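Visitor: Chains as they are written, first to last, in this note's numbering: chain A, 1 to 335; chain B, 1 to 335.
Don't read these hints as lab results, they were simulated from the structure. Computed from a prediction, not measured in an experiment: that's the story for all the values here. Careful: at least some of the hints might be erroneous.
Copies of one chain are not kept apart here, so a pair can be met inside one copy or by any two copies together.
[Stated by the list, open to error] Distance condition first, Cα-Cα at most 20 Å in a straight line; then the derived PhoX-like pairs of lysine-lysine:
hint : residue 1 : residue 2
1    : Lys26     : Lys320
2    : Lys122    : Lys26
3    : Lys104    : Lys18
4    : Lys47     : Lys283
5    : Lys290    : Lys250
6    : Lys320    : Lys122
7    : Lys103    : Lys18
8    : Lys18     : Lys253
9    : Lys122    : Lys48
10   : Lys122    : Lys86
11   : Lys86     : Lys48
12   : Lys104    : Lys26
Number of protein chains: 2
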Amino acid sequence: MNDTITLSHGSGGLQSNKLINEVFLKYFGNDILNQMNDAAQLEIDFKKLAFTTDSFVVNPLFFNGGNIGKLAVCGTVNDLAVSGAKPLYITSAFIIEEGFSIKKLEQIVMSMANEARKSGVKIVAGDTKVVERGNVDGIFINTSGIGRIYENVNINCANAREGDIVIVNGTLGDHGMTIMCARNKLGLVGDLRSDCACLNSLVDTMLEAYGGIHVIRDATRGGIAAVLNEISEFSNVTIALEENNLPVKKEVKGVTEMLGLDPLYIANEGKLCAFVPESHAQKVLSAMQKHPLGVNATIIGKVTEEIGQMVYLNTVVGGKRLVDMPSGIQLPRIC
Amino acid sequence: MNDTITLSHGSGGLQSNKLINEVFLKYFGNDILNQMNDAAQLEIDFKKLAFTTDSFVVNPLFFNGGNIGKLAVCGTVNDLAVSGAKPLYITSAFIIEEGFSIKKLEQIVMSMANEARKSGVKIVAGDTKVVERGNVDGIFINTSGIGRIYENVNINCANAREGDIVIVNGTLGDHGMTIMCARNKLGLVGDLRSDCACLNSLVDTMLEAYGGIHVIRDATRGGIAAVLNEISEFSNVTIALEENNLPVKKEVKGVTEMLGLDPLYIANEGKLCAFVPESHAQKVLSAMQKHPLGVNATIIGKVTEEIGQMVYLNTVVGGKRLVDMPSGIQLPRIC
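With the hints as extra help, turn the sequences into a complete structure.
Guide: Here it is, written out as structure tokens:
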């Protein structure tokens with residue numbers, strides 16, 4: 001096989017088949033994908049299905065803690081998981097720049113296969129397009145996924161209620177600051193690394209502890225601030241955060257302070273927030289803390305009795321600060 | 001709203017929401033999409049599901065007969081339809097270049113909404129990424145789709161059998177030659193236009209005529225030659241085509257002859273081939289010819305009794321010519 005991707009790899013002919021066999025099927029191969037139908041044919045035995053899509057354009061493609069392939073699988077698995085669904089099947093569609101290294105492509109595909117296996121999803125359909133040099137930056141990946149929505153679970157960003165406790169599963173801003181440092185060649189600061197991870201097993205643990213959790217959302221682009229503002233809007237509630245309780249790694253704190261950034265607005269790829277009725281919050285928190293991806297889980301705030309859609313922060317010096325929807329340019333191509 | 005896409009439209013904050021509300025929801029809006037969940041939540045009442053994905057990178061974005069948006073909906077609807085499924089739900093994920101015209105984006109989104117409505121699918125989830133100027137060529141779109149596989153239908157590219165009649169629903173090479181002429185500014189030749197169309201209603205008509213059709217495939221990248229070679233391989237059969245019977249528009253014939261190309265290898269976006277047992281071929285053909293997308297349907301060949309995987313053409317001068325898998329660079333970015 002050639003060392004780099006050529007336009008003929010995207011032409012639907014012999015070279016396309018060679019790439020599919022020697023790279024994609026080699027790592028992704030399973031009983032369904034191997035049939036190479038126009039559409040995967042799946043047997044299902046449930047009535048509520050979750051369906052989601054995300055494209056990934058992260059730059060750089062490889063970073064401390066992951067790469068675009070790992071991110072692409074985790075992102076879609078997480079969108080399904082935080083909808084109260086068991087992720088089952090995903091598709092992967094590649095847009096690759098002519099001249100891209102096949103060795104790098106293999107590394108990316110291996111990471112995808114690895115995350116898919118760990119999170120229990122099958123990659124059942126795919127697509128490959130190649131565009132001329134200079135018309136795409138390296139490689140973009142789309143993943144779409146479907147999952148079975150659990151019975152008796154009703155997670156929805158409109159379900160937050162007064163008194164709900166807001167829990168996150170760990171430190172904020174790790175992914176975004178890792179990408180920013182990598183892109184600006186700031187060098188690696190301490191053990192700064194992306195939190196990129198599939199959260200479906202953590203969500204399972206949380207729902208086993210209490211199946212009635214009101215809202216779960218992963219906090220990606222726009223950080224926890226964007227997600228909390230969306231929940232505040234859709235549920236028509238006010239959310240108060242405690243600055244003292246926000247978990248931020250010292251490496252992230254250092255860089256954000258230096259650059260004048262706020263970890264609340266920095267992207268995560270392995271973090272979620274959950275809105276849990278106060279009566280069950282401690283039980284859910286304890287269960288999370290026993291899970292490898294929730295060791296640093298903590299309560300960061302609650303839904304107040306105030307009227308109106310708002311998110312604010314009770315600061316360490318005793319003031320209040322509005323946490324509004326992020327506006328303007330955040331760091332582009334974070335995911 | 002600004003006239004062009006900025007990086008902030010992809011940041012997950014206020015401007016992203018504005019774009020979603022003022023462009024995407026404006027045209028795509030439906031009861032499911034409007035809930036704006038991380039994953040669409042769908043009620044389903046069937047057990048066999050088809051799932052597919054495709055990314056679209058066509059250049060130019062607008063061409064005679066369609067645009068990238070129409071293509072993106074038709075392509076995924078067709079992949080479901082030719083799997084013997086009723087297309088139900090699709091996702092749409094955009095990767096847009098900073099500086100792209102919002103007016104053009106709206107035209108593309110309108111076309112998608114239009115095709116979705118006509119073909120009876122709902123767009124239920126989406127994603128938008130913006131990348132810096134020069135890192136993507138205008139706009140790329142991914143669509144993924146799910147559908148309900150019809151009961152008692154078993155369409156599979158491994159199902160072609162000796163004696164099967166090969167039917168196509170109309171002229172070959174229209175899409176590819178339209179794109180080539182547009183890209184090379186050859187000017188429009190006669191009524192040369194893309195055949196881009198959703199074929200699900202035609203497939204329904206065919207299956208009503210005879211539910212036991214062995215294979216249906218749409219003939220996109222690599223043309224009918226690529227598809228027939230794949231079917232020959234997966235079904236382990238020999239396929240003989242009759243050159244006299246190949247339907248090719250005179251405009252396409254003219255340009256392909258001038259450029260030394262073969263319509264068998266040119267992409268279509270509204271053409272399919274079906275493998276039907278001889279006993280039912282006439283019935284299926286007649287039904288197709290009564291459908292607006294099958295007026296020019298015709299028999300182009302059959303599966304012979306010969307042993308081995310091969311596709312060949314009985315030429316008008318009485319010879320035989322091998323129709324092998326396309327190799328090397330075809331026209332890139334045809335879809």
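Visitor: If a hint holds in the structure, say so; if it doesn't, say that too.
Guide: Do the hints match the structure? See the list:
no., hint, result
1, Lys26 with Lys320, "neither (55 Å within a copy, 36 Å between copies)"
2, Lys122 with Lys26, "within (14 Å within a copy, 34 Å between copies)"
3, Lys104 with Lys18, "within (17 Å within a copy, 37 Å between copies)"
4, Lys47 with Lys283, "neither (30 Å within a copy, 37 Å between copies)"
5, Lys290 with Lys250, "neither (23 Å within a copy, 71 Å between copies)"
6, Lys320 with Lys122, "neither (47 Å within a copy, 44 Å between copies)"
7, Lys103 with Lys18, "within (15 Å within a copy, 40 Å between copies)"
8, Lys18 with Lys253, "neither (47 Å within a copy, 31 Å between copies)"
9, Lys122 with Lys48, "both (19 Å within a copy, 16 Å between copies)"
10, Lys122 with Lys86, "within (12 Å within a copy, 23 Å between copies)"
11, Lys86 with Lys48, "both (11 Å within a copy, 18 Å between copies)"
12, Lys104 with Lys26, "within (15 Å within a copy, 40 Å between copies)"
When the structure is compared with the earlier hints, violations turn up for hints 1, 4, 5, 6 and 8 and for no others.
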